[in-house]
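Read off the chains here:
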Amino acid sequence: MPIELLVQALLNGFGVAVVYILVALGLTLIFSILEVINFAHGEFYMLGGFAAYYLFAVGGLNYVVTLVLAVLLVGLAGVVAERLVFRHLWGRTLNAFIVSLGLLWVLQATAQLSFGVLDKSVPSAVSGIVRVGVVVVSRERLFVILTAVALIVGLQLFLTFTRTAQAMRAVPQDADAAALQGVNIELVSALGFGIGCALAGAAGALLAPIFAVSPTMGALPVVKAFIIIIVGGMGSLPGAVLGGLLLGAVEGVGTLFMSSAAVNILGFLMVIAILLLRPRGLLGAA
Amino acid sequence: MRMHRSIATLAILALAATLAGGAAVQAEDKTLAIGLLGPLSGGAASYGVELLRGAELRVEEINKTGLKVGADTYRIKLVSYDHKAQAADTATATNKLIFQDKVKYIIGNAVGATCNAAQTITEPNKVMFSFVCWGTNNLAPEKPYSFRSMLSQWELAEPFYRWVKENHPKIKRVAAISPNDTSGKDTNTAVVKALKALGFEVAADEYYERGTKDFYPVLTKILAQKPDMIDVAAAPPGEAGLILKQAMELGFKGAKGWTAGINPFTIISVAGPEAAEGVWSPANINVKGDHVSAAVRKFGETYEKRYGEVPGAIAVANYAAFDVFTQAMQKAGSVDTDKVLAVLTKEQFQTVWGPLALGGKETYGIDRQFLYPLVISEVRQGKVVDIAQVLPAALKKK
Chain A
491 MPIELLVQAL LNGFGVAVVY ILVALGLTLI FSILEVINFA HGEFYMLGGF AAYYLFAVGG
551 LNYVVTLVLA VLLVGLAGVV AERLVFRHLW GRTLNAFIVS LGLLWVLQAT AQLSFGVLDK
611 SVPSAVSGIV RVGVVVVSRE RLFVILTAVA LIVGLQLFLT FTRTAQAMRA VPQDADAAAL
671 QGVNIELVSA LGFGIGCALA GAAGALLAPI FAVSPTMGAL PVVKAFIIII VGGMGSLPGA
731 VLGGLLLGAV EGVGTLFMSS AAVNILGFLM VIAILLLRPR GLLGAA
Chain B
91 MRMHRSIATL AILALAATLA GGAAVQAEDK TLAIGLLGPL SGGAASYGVE LLRGAELRVE
151 EINKTGLKVG ADTYRIKLVS YDHKAQAADT ATATNKLIFQ DKVKYIIGNA VGATCNAAQT
211 ITEPNKVMFS FVCWGTNNLA PEKPYSFRSM LSQWELAEPF YRWVKENHPK IKRVAAISPN
271 DTSGKDTNTA VVKALKALGF EVAADEYYER GTKDFYPVLT KILAQKPDMI DVAAAPPGEA
331 GLILKQAMEL GFKGAKGWTA GINPFTIISV AGPEAAEGVW SPANINVKGD HVSAAVRKFG
391 ETYEKRYGEV PGAIAVANYA AFDVFTQAMQ KAGSVDTDKV LAVLTKEQFQ TVWGPLALGG
451 KETYGIDRQF LYPLVISEVR QGKVVDIAQV LPAALKKK
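Quick note, the sequences are listed as chains A and B, same order.
Just so we're on the same page, our numbering is the position in the first sequence counted from 1, plus 490.
Just so we're on the same page, our numbering is the position in the second sequence counted from 1, plus 90.
None of these hints come from the bench; they were simulated from the model.
A few of these clues could be false.
What the hints assert, rightly or not - With beta-carbon atoms standing in for the labels, derived distance ranges:
no., chain 1, residue 1, chain 2, residue 2, range
1, A, 751, B, 185, 27 to 33 Å
2, B, 263, A, 748, 52 to 58 Å
3, B, 452, A, 752, 33 to 39 Å
All C-beta atoms in this analysis are idealised placements derived from N, C-alpha and C, irrespective of residue type, glycine included.
Okay, chain B solo, but in the shape it has when bound (with noise of 0.2 Å):
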């Protein structure tokens, strides 16, 4: 009898001790929440689900220890909503977002209209805005709170066409097709301008509507201009795969280039091995390659066991901006949007992409661009092997 009293006496100061602890851990710890858009569903939602991922793995890092800012340590939520790639619905989703979830960051969007709606609402509400969409006016001196977290068709155009003119010099002709919004009139502007500027001919500045299915008739359009490259600048993976494929149907044999292309593996996938064959991408990153750090390759084979597929570039954008954001914290000690701020802009921080800084301020007027290294990969044989590393002309001035 005596025995079972000590046993339950026992239990009951163990549960207690547990009750406390546990009420001690949640006094302690705050929560963060942060902020995630992105094309969860529809044509563009390889993109969405890139970013939500590599946040999703971040975060899930971060809370095993809890993010330490000063004297408190946070617990990071992350609330996400998918916006179809549609400006009205992220502008509902950017409301929701700041007040009803009262996020103070969003760490993650894609597609350029996308990311002029979310602007509109959070730049005037002081919410840091970090983004993977390539449209030039994203970054300007009028919205010191948004940044892109990868490097744009401004960043990747020249040093790429660079590399194609020294290396394969007969290589006279480009034509340009992109999707025929913000991201692809960017995309394809910066090419074209690439191209001028280092004495290729622009064969064709051509646009499709997003979602078409059918690239037979503007390849044909295409194809009676006799290009020596087709760059299929900021096609998303599945359209990009489809023109490839289709281009081959109707016998294009010249080189083929992706300026915006963030994930080779996907386009060999859409394409098949033949028509994939050969395509360079100066935006993707490697997760396998000889050209990438150790970090990236554990976030690699971390993403591919856990979701089944490899991770493009996107994915590791939004991991490395969820780093930079997070160590600004810490380095600010306070999670108040100014401080931190004013941290990110001065400071360069270790990242998976290895050393990063801020810069663009010749190109935007504002220093809100992350800078590093770019590689370029080359689809051979159905696999993407990493073929040379170049630097962006801003990160050289650095």
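Just chain A, with the same shape it has in the complex (with noise of 0.2 Å):
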């Protein structure tokens, strides 16, 4: 096999993962925090491609305004989903998973009654392809890869050095003693909320010139984010980024040997395998 295709098809599955890496990370920052599987996530990836829709393609603003205002809303919606539905659920994990099961049907559903039932395109922001020799990437994808990369370090910095995210690792571990200590539960709480579906927003608004958007955008997104956290290590950042690196890298070089279906089970039976043979993922906590 050449090997110029073999860098391109790592190229086209990293080009991806990177934003479904966004989605992960959103997932697994909400479930480090309030312990909460969010099966609805895929649904804020949805509100940001229509975030998107309506300010860029319908409203005419400036793309990078347009992605400031879409994951600001879409955080802004986390928090009330936080402050409305989730705060009241905590310690009771599974009935928050059911209850996120049922904000997907009610967000979806809503959107098709909202937003109608057809995709609907988002013009590209950025024309035009980079070329390196035989490889080629649309200079769309790359300033998502870009972006995307640099909102996954952003994270990371904010996670390591600010006192914020410091009381957000603090409370997962002692919520009782992270409160002596001053921490505002409460605050924390829908502010991890609010940034992991602020994640999933940019992520949607990112993708939305790429895929177009549609009220069941989400369901794939989530799918994908739920291999990467689970590959990766629940809870664990690096990890996310380690299985969504894994995933890319599987599918994109995986479709030059195999039909389309089978390389969506190779995804799950990464799952299969970590959860048989090292349950926490790869850079879990044990």
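Build the complex: two chains, separate frames, hints provided.
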């Protein structure tokens, strides 16, 4: 097989995986703070897509401004969801899980009623391609990849160096002790949920011009995100990055050798293998 | 006082007359429930929405005067269900239509696997079922109550690629890509068969899962085979648009076809004018084009005014299907499905497509395929332009 074909396949896989990593990071952040497995997370990705559609495609705003607004709006939606729903389910993981399934259907049906059922196209914000030898990537995808990487790095810096993030890490370890140290548990919870949803919103807004938007667009990314965090380790941010890159590589290269249906199975085979051999994931805590 | 009494008397008489008149109309008119299935949400929703809109417009027209069948006049009641392109949901919806809503006609359905699911219920119950599904096995001698109201890949691929060969002789290698399901497999099979018969090389015969948004991986594989032309054969408009857009991003500059392409206007909106430029589509109908009848143009205007979108071939096909079945009922003088079936297979019908006949025995073993002339269109600078009209081989013989 020509090496350039392999490089192109890897680039294809990483290009989308890096955005799914954003979704997975949001999911794992929410889980690590609130212990909520949020099945409705894909719907926040969908809201990000529609925010891009209405602000950029319909409203004519600048794309970068659109991205910022989409992140803020979806983050705010996440805070609202936390305050109205998930806050009342602290410590009841199974209940929260079932409620998140309900929220998924509510948000999806509301989107179908509000935005219509048909795919909506978002025009390209960046045009042209970059060619290195025979390897090709569109400038639009390059922009998406670089923005997603910047967001991942930014999140890691935030979680490593800020006192707010220290509080976020302290809450799941011992909420009472954290509260005694002056940590505002409710604020940390809302902030964590909001940031998690904002990351999904950013992913949706980034991919909107590439994939178009629809009320059901959140289904695939959330499945990918679950694969990523199970492989990488639930609650581990470096694990999510590693899991995403692995999934991207396997799916990108796998397509060269097998049908798309078979490639879709590969991710789930990874999940089964990890759960059998290393249930805590590659970088998850024991 | 007397005047007041007179007015009151007149008012009572007028009211009585109105009530009596209304009762007379109600007594005369019967209701004929006709079912419609389709994906009205999800990735294939555009198909279902067009089916429904085409049906709605024809039903409204018929109901203005009522449908006169023999001595009876019927008002049509359209009953529709969303099956989300899922076979299980289709079976549930078909059961509802037949046993709860008591329909004897289901005019409209799309997506091959759902047609198979519906047919397991419609055929034993002798319910007439017309659809735009492209699965080859959807028409068969053991399915006498099933009809395809739109030309399928088997009627389209051969004349389309014959036209490509005659008009673009430099095209030698063609890659076909379709969804990985019944419709997709059948379409690619028909395309590959036509390509081989006409002496083309098949550069790729690829499939993807419905709902896919990222086509870079599969396109990388296809483009490595250096095709002169990519046929997004059975891809629905949204996915076909993404494939063409992403193929352009990966540097593809060859010819583009869409054998099952039913609405190039949608593909332009998804792919953008640049990526959609030059797409040939033999399954489309351009309601504003030069090759269509005045009836189609009028239908297109009404549809666009009502729904704010230009109708594609599915909307026209279902509009025409309602025409064919209701004309057959009138000719049979009955709504009994066996009597209507006898008329359908013998007669020709005047529809928005023009003269329409049932054929397809050579391909399916039974004449249940609607046959009408096909128009090849091309996307030019964001517009859809008709460039040729050709006849399906089976219609030539009629």
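Inset, instruction - Taking the numbered hints from earlier one at a time, note which ones the structure violates and give those numbers from smallest to largest. - result: Hint 2 alone not satisfied by this model.
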